[in-house]
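Chains A and B, in that order, give the protein sequences. With this note's numbering applied, the first sequence covers -2 to 423. With this note's numbering applied, the second sequence covers 157 to 287.
The hints are simulated quantities; they were obtained by calculation from the structure and are not laboratory data. No false leads were mixed into what you were given.
Pairwise CB distance ranges (calculated):
#	chain 1	residue 1	chain 2	residue 2	range
1	B	243	A	72	26 to 32 Å
2	B	261	A	364	42 to 48 Å
3	B	183	A	209	23 to 29 Å
4	A	94	B	239	56 to 62 Å
5	A	246	B	271	45 to 51 Å
6	B	282	A	193	44 to 50 Å
7	A	213	B	210	23 to 29 Å
8	B	271	A	72	25 to 31 Å
9	B	260	A	407	47 to 53 Å
10	A	135	B	282	40 to 46 Å
Counterexamples of contact, computed for chain B against chain A with all Cβ distances above 10 Å:
#	residue
11	207
12	222
13	247
14	251
15	254
16	261
Glycine included, C-beta positions come from ideal geometry on N, C-alpha and C.
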Amino acid sequence: MTALQHLATRYDVIVVGAGPAGMGAAVGALEGGVDRVLVVDREIEAGGILNQCIHSGFGLHHFGEELTGPEYAQRFLEQLLERDIEIATDCYVLDVAHDRTVTLMSPEIGVRRVAAGSVVLAMGARERTRGAIRIPGSRPAGVMTAGLAQRLVNQIGVLPGRRAVILGSGDIGLIMARRMTLEGIDVPGVFEIMTHANGLTRNIVQCLHDFDIPLHLSTTVVEIHGRDRVEQVTVAPVDDRLRPDLSRARTIACDTLLLSIGLIPENELSQKLGIRIDPATAGPVVSSAMETSRDGVFAGGNVVHIHDLVDFVTQESLLAGESAARFVTGRRRPADNIRLVAGSNVASVVPHTISSDSDHTVYLRVRRPLEKSWLRLGDVYERRLRYVVPAELVTLTVRPRFLERFHGDSLVIDIVPRDEPGRYEE
Amino acid sequence: MRDAPERITHYLCIGCPLGCRLEVEEDESGAIVEIRGFSCRKGKVFAEREHTDPRRMIATTVTVVGGRWPRLPVSVTEEVPRDRMWDVVKALRSVVIDAPVAMGEVIVADVAATGVDVVATRDMPLAEIAR
Ligand SMILES: Cc1cc2nc3c(=O)[nH]c(=O)nc-3n(C[C@H](O)[C@H](O)[C@H](O)COP(=O)(O)OP(=O)(O)OC[C@H]3O[C@@H](n4cnc5c(N)ncnc54)[C@H](O)[C@@H]3O)c2cc1C
Ligand code: SF4
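Go ahead and model the full structure; you've got the sequences and the hints to work with.
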């Protein structure tokens, strides 16, 4: 790690955030041909959210074996240290200016301005809180996000309560249902407003079924009771328009309510910079080089769109870092010439533009689960998909040969039921 | 005639997002007669394994003294039988270890007589001197 006192006044690339995205971007930048790279993180160590995700399930794609979160983080960190990439921890990035001057603040050095040839944003995401879903009732202690509980249990060694209800069936909530059970906390149930679980089947089986924790679909928490501390919550089933049926409400005694209701990219710095944000992802609009709407400012990982697999975070941010290095050394790739548009059953598409001269990996988030569908890229390409769910990103590699006879400037991506034959069926 | 429904066990396949509902039917002796509900080979293999010898990875934390954090994440090095999960977790509850610790260091060998070791899943450096 860098002694902050020895911070240079200028770097080729400065990376904001030292999670898997930031570490990937730093390695990518070095591979892209620059050598003065600084990674900054406000936490006391690199690794980002991975440090608290102590379960296994990371790295099957990137490292070819299943690692725990801390193992994945440490393997990556070792790569950074081997290559003499500077890492400044316990150091907050306050601002990134238009001229790419980065303002840092730390207890050690106070406020310091450092110049960067290019910048990679890798600030990750934060969890949605109670305010985001407006649950009525009192405001007692004991209501917290699942990720905060994860940090308390796995790093700080504090148990959040004795009996915890979980709202939302995202993977973090499912993982915490098991984790708390193993720590002796009673988990009476997981409640999900949608008709389908949000997390991976693997987590449903290994975190809920293994411990006989019930999952209640189409049900939500309608009220929180308790003065100083949560005493109980009221849950009720919802109809197909997600309106709770209060006549069938019931209360559950508990002292803790964990919220696992999704992540939002952390884009305060991007907004201050005036970067274009896509309302569908809540992250920056990016080119195929992971460049934002501001020259020389790149982005990767959860700050761009919410990922479920850290391996994709790594893949995307290696590219962001490489592009940041190309920018500095004057070797930018030609500009993109095709805009990608989210069509039927596609909630978001990243990147937002591509070029027709090289391969591009495109990440799609679907709106609804669909069995047997076509993935269609305009009318230039289609592929069968066996099954899609909102919880798992769909990846599509767009190759130059798909675009040989395409002369337009935008392509709509649809994921539609396969009840009709394919356009190019034999 | 045997009482068919009592001999059928249900599983949810974790092989892919499709989440096929699997059924394993066995005879009086407990031998598998038929596996149904899978859409691919992976599902059949999964059902057989879950039925005869379910195993799980276990990750938890132990107390670490003098480290950067009060908890050290640990994991078994290979899957252990699912019904031994609690024995492993309980055996780890009373473990207290001193920092520093290196990733991969064996924290408990042959935990709960499963034949599997528990190792640290990160380095735990000594706590930084307070500023
Ligand atoms: C609780 C949880 C469980 C998960 N489980 C799995 C799993 O089982 N398998 C899997 O493959 N994936 C999992 N994921 C997904 C994967 O881990 C994440 O997608 C990945 O960690 C995101 O990486 P990131 O670098 O974009 O963000 P993060 O890991 O969040 O890192 C962002 C970093 O930026 C820093 N930062 C932010 N703003 C500033 C600032 N202004 N100044 C300085 N530093 C700043 C933060 O401190 C943080 O360290 C999980 C994610 C979460 C949240
Ligand atoms: S049986 Fe095959 S298709 Fe069905 S869930 Fe398992 S892996 Fe997927």
